[in-house]
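Visitor: Construct the complete structure from the given sequences, taking the supplied hints into account.
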Amino acid sequence: VNRRLKREIEIHLHLVYKHVARLYAAFLSDRVVLVQEYAAQGDLYEILQQIGGRMPHEQVADGVMRPFLEALSYLHSRGVCHRDIKPENILLSQNWRLLLADFGVSIDLNQERAVTRAGTEGYMAPELMMHTPPHCPRPAQDIWAGGVLAYELMVGFPPVVNVPDGDSVSGFVRSQMTPASLHFPASVPPAARDFVIAALAPDPLERPTAAQLLRHPWLQPKADDVEAD
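Here UniProt numbering is used: the first residue of the sequence shown is 1, the next is one more, and so on.
There may be inaccurate statements among the hints.
When the alpha-carbon atoms are kept at most 20 Å apart in a straight line, the in silico EDC-like pairs for lysine to aspartate or glutamate are as follows [to be verified]:
(1) Lys-18 x Asp-102
(2) Lys-6 x Asp-43
(3) Lys-6 x Glu-112
(4) Lys-6 x Glu-37
Calculated directly from the structure, the hints in this document are not laboratory data.
These numbers were taken from a predicted model, which means no experiment stands behind them.
Guide: Right, dumping it as structure tokens:
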């Protein structure tokens, strides 16, 4: 078993949480077989294709971002950085429970330090795309990807981020990403826009943690929801 797969199995086996796809077992026959919790509804990418590419902001907040950030907060509290957040890696169970999956490039920050870039283009934080080695808290890269995810779910496509060759993170912060450069349709309310802008702070040190984003006004249950409960 190669080192990367062994690391994935070791990390995933120890993650037990309602919004993380459970890895029950791993064994070697002709090839490595992973026995994972069944996600009957498929992944978020497939669902987006079926419903026209985007979702109402209320559904994004309640059905995706809140459970996603709960999963991310759990991971980060255990020192695990996912490093490949995208719709394809977010699964849904038979009763539509969100399950974060695919820990193939994840790292346990308690045991190692990332020395290589990882992720999917379009979801990678700007500091990862610089030519210089990134020096930042790794969980902040998951937060950036979460901001991209929220934007894409509501707008229909990920935000376009251009990093000039040879530019510095500070220069990028000043010139490339401002709230005005993110375009939202009228259907996205101010609270949701503020959430995305916070998660997409170009400086990784300025991005909120997953736990902090869970307290964002956009994700708080509405009065009608509380009364219904």
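Visitor: So, for every hint listed, does it hold in this structure?
Guide: Each hint tested on the structure:
Between Lys-18 and Asp-102 the alpha-carbon distance is near 15 Å, which keeps this suggested pair within the 20 Å criterion. Distance restraint check for Lys-6 and Asp-43: the Cα-Cα separation of roughly 24 Å exceeds the 20 Å cut-off, and the hinted pair is therefore not satisfied. For the hint linking Lys-6 to Glu-112, the alpha-carbon distance of about 14 Å falls within 20 Å, and the restraint holds. Restraint check for Lys-6 and Glu-37: satisfied, since their Cα atoms lie roughly 19 Å apart, inside the 20 Å limit.
Hint check: a violation occurs at hint 2 only; the rest are consistent with the structure.
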